[in-house]
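J.: Use the sequences and the hints to build the structure in full.
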Amino acid sequence: MAAKAGNWQSYKRVLLPPVRDLHRLSVYGDYGALRKALARYSPKEVTEIVKASGLKGRGGAGFPTGLKWSFMPPVDPDVPRFLCCNGDESEPGTYKDRQLMEFNPHQIFEGILISNYAISAKACYLYIRGEFADWITLMEEELDKAYAANFVGENIMGSGFSADIILHKGAGAYICGEETSLMESLEGKRAYPRIKPPFPAQSGIWGYPTTINNADTLACVPPIIAHGAEWFAAIGAPDHPGPLLYGISGHVNRPGVYEYPSGMLITDLLEVAHGMRADKKLKAVVPGGASVPVLRADMIDGVTMDANSLRAAGSMLGTAGLLFLDEDTDMVSFLRRVTRFYHHESCGQCTPCRDGTGWMENLVTRIDEGQGNTRDLDLLLDLCDQMEGRTVCALADAAAWPVRNTIKRFRADFEAKCRKAIWATETKAA
Amino acid sequence: MPSVTIDGRKYEFEGHPRLLQFCLDHGIEVPHFCYHPSMSVPANCRQCLVDIGAPVRSRATGELERTEDGEPVIRYFPKLQTSCSHTLADGQVVHTSRSSDKVARAQQDNLELMLINHPLDCPICDQAGMCPLQIQAYKYGPEGSRFEFRKTHKPKKVKLGPHVVLDAERCINCTRCTRFTDEISRSHQLTIIDRGVKNYPLTPPGLVFDDPYSMNVIDLCPVGALTSADFRFQARIWEMSSTPSIITASAKGSNCYYWVRDNLILRVTPRPNPEVNDFWLPDEDRLAYRCFNEDRPGGPEIREDGARQGATWEAACARAAELLSAAGLRSVFLASALATVEDNYLLMALARMTGGTVAGYLPHIAPGHGDGWLRTDERAPNGEGCRRLGLGPADVDALNEQIAKGEYDVLYVLEDDPVAAGLSELGAVSVILHYHNTTNRTLSLADVALPAATAAETIGTFVNVDGRAQRVVPAKAIRGAHRTLMMHMGLSRADRHGTPFDRWHNESHLINCKPSWELLPAVAGAMGHRMDYPGPRQIMDEVSSTVPAFGGATHKAMGLAGVKLPEV
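Chains A and B, in that order, give the protein sequences. In terms of my numbering, the numbers along the first sequence are unbroken and rise by one, the last being 877. In terms of my numbering, the numbers along the second sequence are unbroken and rise by one, the last being 900.
One or more of the hints may lead you astray.
[To be verified] Computed cross-link-like contacts, BS3-like style, restricted to lysine-lysine with a CA-CA straight-line distance of at most 30 angstroms:
hint	chain 1	residue 1	chain 2	residue 2
1	A	LYS643	B	LYS411
2	A	LYS636	B	LYS896
3	A	LYS867	B	LYS483
4	B	LYS488	A	LYS864
5	B	LYS530	B	LYS488
6	B	LYS489	A	LYS636
7	A	LYS855	B	LYS483
8	A	LYS855	B	LYS411
Bear in mind the hints are in silico, worked out from the structure with no lab data behind them. Here the structure is a predicted model, which is why all the values come from computation and not from measurement.
T.: Right, dumping it as structure tokens:
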């Protein structure tokens, strides 16, 4: 089956351009896309262009970006409205935003400013994961430069449009990446996700209309404005177009972030990463960050990196952070690490997630240590039912999916580690 | 009118009610923990999940889509919804655990998860017996637990402030306490610390939970995590009876329950009344109950040969009558903002009979103490009631002077302490004193000391600063009057949680005192005057019909919620 990515070998990068281009203020000719947007388009037109480009959110949920912008209420001069850029990248196996911040910060800024213009917001909060301390320093320095060059701030490049970018250091929790809890955190509160509705477009930061986009999503906006919606829509898979940053990790020879069109064959990406380490066989792939369902090696034939293809294969695109696991991998240990993560990162607001994630870790740990019973597997699946879809945010879902699917797809591995009999013969019932 | 179908039954509604509150208002029980009607809705306990469907409207016409039978097509939400956060809309269909196995299972699952890290130390927990977690776990929870691991351990005894002690393991993180300090008392002294299963409420570093309303979080806590430093481990819930009454430590008259075991009040909790205190009580009101238990008198006394000696009630009243008769017009009566309207009314009647003077009541004002909410500058429960009877604050200096000049022979004090109020020149007069506590500084000067029933032992009316007349009923029994008779028999078991094991009417800690509405007629009778009232109810009937400022304030009308008196 042909890759939807087309002729990806000759693809020219737009998000993480070649190093020789990096030392310019912006690879798009000094905020040329922003200049173009301000000079040629009304805010509504910018939104329409982004809608036409088919850009979908890169943060994991894949919601159409232009559509999200159009949810903002009509402009009321008395009501502030905000853009929020989510740079709290913390999904395990995902490190694309960090690369963007490191190598191409101005494209994020430019994307933010164009989006600010599109939704008529005067300010954008750029929330960066607190652990990215060095990157925050870098972004601060680069932002100062942009301010000095009047690309940000009052009356940008004489256009009459003003917008500020406020950098905010994250509070060091996975949950802060959830859009509503990010806003709580930004407001100085404990990062507990909010109940929806109301959605951020009605009540976001400080209760005002807010649009929140991933940093990677916003970095896609300048090329769309510069080259047009058709150009963007023609890149990669038609239903999920544009460049994707594939964060490849695991047992491969060359892990790293690779920019290619969407819709790449998973097998091609493995080739891009120079194959499995020590020529081991592939056992499993987690295609989009730790929370998406794992795929067995025999399930990835012809599967491309776009939402529809992955859904058909039984997984999700997520953040496009691929984790390749080789034949020596103990899937129980792998799942133990994943459940440990979600147990550690559950914010503790909702009962099913707070108590369920810990219980899951207990059970998987017990199996991993050889003390588990096969009935524990059924209990784990039952727990997934008890958690999924019953909490305020999707963290419980994200914790339940890997458990459900790893057990489902590698049940033999789990059963092999369980005790052979439920009741050990030497412990006779008293 | 818009309507909603809940468990197959149709209900009409107005406005935009929240589903959970609507259910509770209509007697449909939905288990819940974090929801509280006075606070924001975080929907974090996930216990009140229900299945909700909405009628489908055609996109083209906006008309309701209908099945072949003409019934609207209902489309259910893909996930179960928390009823606390759901706003009702016309035509919606709701299934609670009574009509949906899916909902029943979800609620059961949630309770199983809630209990896995809960210590289940109900046998020693203060909350057991009236614990929402315990009750709802029995009713909606699973039969047992499948959890076979070590529970999370957290601090068992954290003193958050002077009055509140936290047992973090019991906490189910409903955030009611933190929302109370953020939204109601606004002291912002509590926050949730740590993350996930390790989290529990705590004060920020360096802060002490000394909010004047801190103890409300104890009532709000749906488990036994927040306990009262004062009441902790004192009694089991089912050993006590709770009597609905009002607070008499302030002029606000906040509604409360008195919890009694062995005729001792062990704790005071708020009783919801939206017209007065909503759901809340200040800490000082809760902790003022000690005066009902401690330093109580042993019985009536009269002065013989310079020393007070025990006497019978008849002898004491006869001595009081003797002193009053001898004094004739040269007697002065002090009313009291600490006594009921009925007692003050009878005191005024007695003064009229003897021809004595009523000098007003002793004011109990602490300027600056009030906070515009439930704490008041006036530290007595019935100042407004006295004023409405036509009594003014007594001029202590003028009275001192008059007594020093020898204008009076007898000072008759109703349930107050004039010496503490500055009335120092009492050497020349005979003092007849109705008193509550032996700490009363006038007691040593009294010629006739009549122990009076306190607000927790009598029946009567108090008027709060906002002109609301409210009734107290006896929460505990005394030796001098029969509680059950006072309550007119029929009301005798007003305790909500009464069981065959409760300790209402035993002989422990019975105080030998009488309500002033029995003492004053007895004194009048000994003087040969008739003051015939069967009880406070009839006195109040007379007051409400003869004193315009008390119009409508009969005991029947006051009930448990009180009545607003006419403006004066």
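J.: Each hint needs a verdict: does it hold in this structure or not?
T.: Each hint, compared with the structure:
no., hint, verdict
1, A:LYS643 - B:LYS411, "holds, 13 angstroms"
2, A:LYS636 - B:LYS896, "violated, 42 angstroms"
3, A:LYS867 - B:LYS483, "holds, 27 angstroms"
4, B:LYS488 - A:LYS864, "violated, 37 angstroms"
5, B:LYS530 - B:LYS488, "holds, 13 angstroms"
6, B:LYS489 - A:LYS636, "holds, 26 angstroms"
7, A:LYS855 - B:LYS483, "holds, 28 angstroms"
8, A:LYS855 - B:LYS411, "holds, 23 angstroms"
When each numbered hint is compared with the structure, violations occur for hints 2 and 4.
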